[in-house]
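Protein chains in written order, with my numbering: chain A, 1 to 303; chain B, 1 to 241.
Derived from the structure by calculation, the hints contain no laboratory data. What you are looking at is a predicted structure, and each value in this text was computed from that prediction instead of being measured. Hints are not guaranteed to be accurate.
[Said to hold, decoys possible] Straight-line C-alpha distance at most 25 angstroms; calculated SDA-like pairs for lysine to any residue:
1) 271/A - 176/B
2) 271/A - 56/B
3) 234/A - 240/B
4) 230/A - 232/B
5) 31/A - 214/B
6) 227/B - 294/A
7) 232/B - 231/A
8) 174/A - 221/B
9) 56/B - 188/A
10) 223/A - 56/B
11) 183/B - 284/A
12) 209/B - 276/A
13) 56/B - 32/A
14) 31/A - 176/B
15) 284/A - 221/B
16) 271/A - 26/B
17) 31/A - 16/A
18) 223/A - 126/B
19) 174/A - 183/B
20) 223/A - 90/B
21) 56/B - 216/A
22) 26/B - 231/A
23) 174/A - 126/B
24) 178/B - 231/A
25) 26/B - 189/A
[To be verified] Chain B stretches covered by chain A per the calculated footprint, using a threshold of three residues with CB under 8 angstroms from any CB of chain A:
26) 73 to 85
27) 221 to 235
Every residue, glycine too, gets a C-beta built ideally from N, C-alpha and C.
Here is how the chains run, residue by residue.
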Amino acid sequence: MIRGWWEGVTRRMAEEIDVEIKHLTVQTGTKTVINDVSFSLYKGEVLALVGESGSGKTMTALSVLDLLPPELERVRGEIFFNGRNIFDMGREEIRKIRGKEISMVFQEPFTALNPVMNIGTQLSETLIAHGCFKPTPSKVHGPWSIVPAFAKASEGRHGPIMSDQLKHLLSTVKLLDNVLTAYPHELSGGMRQRVMIAMALSCGPSVLILDEPTTALDVSIQKEILDLIKNIQKERALSVLFITHDLSIVNLIADRVCVMRQGKLIEIGMKEKVLNAPEHEYTKMLLGCIPRLGDTRERLPCF
Amino acid sequence: MINVSGLKKYYYKSRTFLGGGTDVVKAVDGVSFSVAKGETFGLVGESGSGKSTIAKLLTGIVKPDSGDINIGGDLDIVFQDPYSSLNPCMNVKNIIGESLYIRKVKKDEIEKRIKDILSLVRLEHSVLKKYPHQFSGGERQRIAIARAIVRFPAIVILDEPVSSLDVSIQAGILNLLKDLQDKMGLTYLFISHDLRVVEFMSDHIGVMKDGRLVEIAGSAEIYEDPKHEYTKHLLSSIPRL
Numbered sequence: 001m002i003r004g005w006w007e008g009v010t011r012r013m014a015e016e017i018d019v020e021i022k023h024l025t026v027q028t029g030t031k032t033v034i035n036d037v038s039f040s041l042y043k044g045e046v047l048a049l050v051g052e053s054g055s056g057k058t059m060t061a062l063s064v065l066d067l068l069p070p071e072l073e074r075v076r077g078e079i080f081f082n083g084r085n086i087f088d089m090g091r092e093e094i095r096k097i098r099g100k101e102i103s104m105v106f107q108e109p110f111t112a113l114n115p116v117m118n119i120g121t122q123l124s125e126t127l128i129a130h131g132c133f134k135p136t137p138s139k140v141h142g143p144w145s146i147v148p149a150f151a152k153a154s155e156g157r158h159g160p161i162m163s164d165q166l167k168h169l170l171s172t173v174k175l176l177d178n179v180l181t182a183y184p185h186e187l188s189g190g191m192r193q194r195v196m197i198a199m200a201l202s203c204g205p206s207v208l209i210l211d212e213p214t215t216a217l218d219v220s221i222q223k224e225i226l227d228l229i230k231n232i233q234k235e236r237a238l239s240v241l242f243i244t245h246d247l248s249i250v251n252l253i254a255d256r257v258c259v260m261r262q263g264k265l266i267e268i269g270m271k272e273k274v275l276n277a278p279e280h281e282y283t284k285m286l287l288g289c290i291p292r293l294g295d296t297r298e299r300l301p302c303f
Numbered sequence: 001m002i003n004v005s006g007l008k009k010y011y012y013k014s015r016t017f018l019g020g021g022t023d024v025v026k027a028v029d030g031v032s033f034s035v036a037k038g039e040t041f042g043l044v045g046e047s048g049s050g051k052s053t054i055a056k057l058l059t060g061i062v063k064p065d066s067g068d069i070n071i072g073g074d075l076d077i078v079f080q081d082p083y084s085s086l087n088p089c090m091n092v093k094n095i096i097g098e099s100l101y102i103r104k105v106k107k108d109e110i111e112k113r114i115k116d117i118l119s120l121v122r123l124e125h126s127v128l129k130k131y132p133h134q135f136s137g138g139e140r141q142r143i144a145i146a147r148a149i150v151r152f153p154a155i156v157i158l159d160e161p162v163s164s165l166d167v168s169i170q171a172g173i174l175n176l177l178k179d180l181q182d183k184m185g186l187t188y189l190f191i192s193h194d195l196r197v198v199e200f201m202s203d204h205i206g207v208m209k210d211g212r213l214v215e216i217a218g219s220a221e222i223y224e225d226p227k228h229e230y231t232k233h234l235l236s237s238i239p240r241l
């Protein structure tokens, strides 16, 4: 009986895990970029991956999508998604997962968006690639629409991209329809990041990886974006891997925290525990080096 | 040390080709403040509020439409992005020494000054022959600071000097700036969108919105007793630990 109960527990635990990283080790030449990192992302939780630049947090996230740069070599380790090892999958199989089941928002919204494509076209790209795009035939405006050739050309420019599906996507990130025909340079940093989030959500993924989504933004815009992410995450019960270097953001958004340094995982635990009673000296330093309001310290601790 | 009164700078954008009206962007709209010697004045506000325009007006890169600027000494600036503010074709020695070469300072004197400055910003002497791409963000910002203080200016304008850096690197740069101020008696104009950082660095803080200074107060008063609605909004958007 006990054995049956135990199997039930382990099965339930296995079901609740979305992404499981086991003993991941990645090297470039002789330098170890990720050193024996293991952790799991549970269903519906926000796990923050915290560390300085160069600590390997972005590379860990990229490995989940099997998108490591060619100069990096995976020496050891597995990453399981829905019980299957990502590194055992074929090229086409993993492409079906990228952007559809697991999607990612990159740090710099300006370099991540294509400057010569309008937002609508960029948003529809992911949808078309995964066969989820539902173009709605839209009305062609203007007197030239009487001439069929002009009407067709005009539809080609603005028609399909003004589809209801894309409008709905933009409304989930609280942007107006006219953004669809805009180009990235016409948008502010916060709006660009909203577009990136809309793009990542377009195919209804179950796992979202956010790589420093607010680092390039002002503090007040950062708050808006974090609130937006938190609301969407709750609504859709997404599992989120949130990469940041700032522990004060972790407090706003995360359920669990995982601290990395020089490619090693040094501390993992619930947010309340890691922020209030950190075990590792490095975590204490990361907490201490953030200036607080009403700070009476003359100098900040730093390594 | 710095005395600014009634500063205005408008940018005009013609709406149509034939001049059928213009849009006005009030980048700086009647700003007045003063900074005492050895003090740090913090300017805080969102992007687009006119903080950087004030920095440009003070350095003379941009001429004001009206208003007075009185500056009691030499002035240098550290820019936000350490990746684009350093010339990728110049080695560190030339980057730091450029302003001295232009002023025809003697060669031995330049060598000595560069070495002194390097130890002040805690960089090894071996960096002199390296190029900007060989450094991390924090090291680049140290180089940019070294370049700004090599002439021993009285005033340094810091335009978002830590916004693109990690929190741990940020702490090191903020400490360094405070050390330099203590040693050299510098006057800082510290610009940032992060009220926590501004509050840590400054003696007085000015809050900017849409080209206007909506509140000026001592750095402790601003979070203990914010007067303006916008200051309260800024305070509420800061993530707490």
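Verification of the hints:
no., hint, verdict
1, 271/A - 176/B, "violated, 31 angstroms"
2, 271/A - 56/B, "violated, 42 angstroms"
3, 234/A - 240/B, "holds, 21 angstroms"
4, 230/A - 232/B, "holds, 23 angstroms"
5, 31/A - 214/B, "violated, 52 angstroms"
6, 227/B - 294/A, "holds, 16 angstroms"
7, 232/B - 231/A, "holds, 23 angstroms"
8, 174/A - 221/B, "violated, 35 angstroms"
9, 56/B - 188/A, "holds, 22 angstroms"
10, 223/A - 56/B, "violated, 29 angstroms"
11, 183/B - 284/A, "violated, 29 angstroms"
12, 209/B - 276/A, "violated, 35 angstroms"
13, 56/B - 32/A, "violated, 44 angstroms"
14, 31/A - 176/B, "violated, 31 angstroms"
15, 284/A - 221/B, "violated, 29 angstroms"
16, 271/A - 26/B, "violated, 44 angstroms"
17, 31/A - 16/A, "violated, 34 angstroms"
18, 223/A - 126/B, "violated, 42 angstroms"
19, 174/A - 183/B, "violated, 50 angstroms"
20, 223/A - 90/B, "violated, 39 angstroms"
21, 56/B - 216/A, "holds, 22 angstroms"
22, 26/B - 231/A, "violated, 35 angstroms"
23, 174/A - 126/B, "violated, 51 angstroms"
24, 178/B - 231/A, "violated, 40 angstroms"
25, 26/B - 189/A, "holds, 21 angstroms"
26, 73 to 85, "violated (count 0)"
27, 221 to 235, "holds (count 5)"
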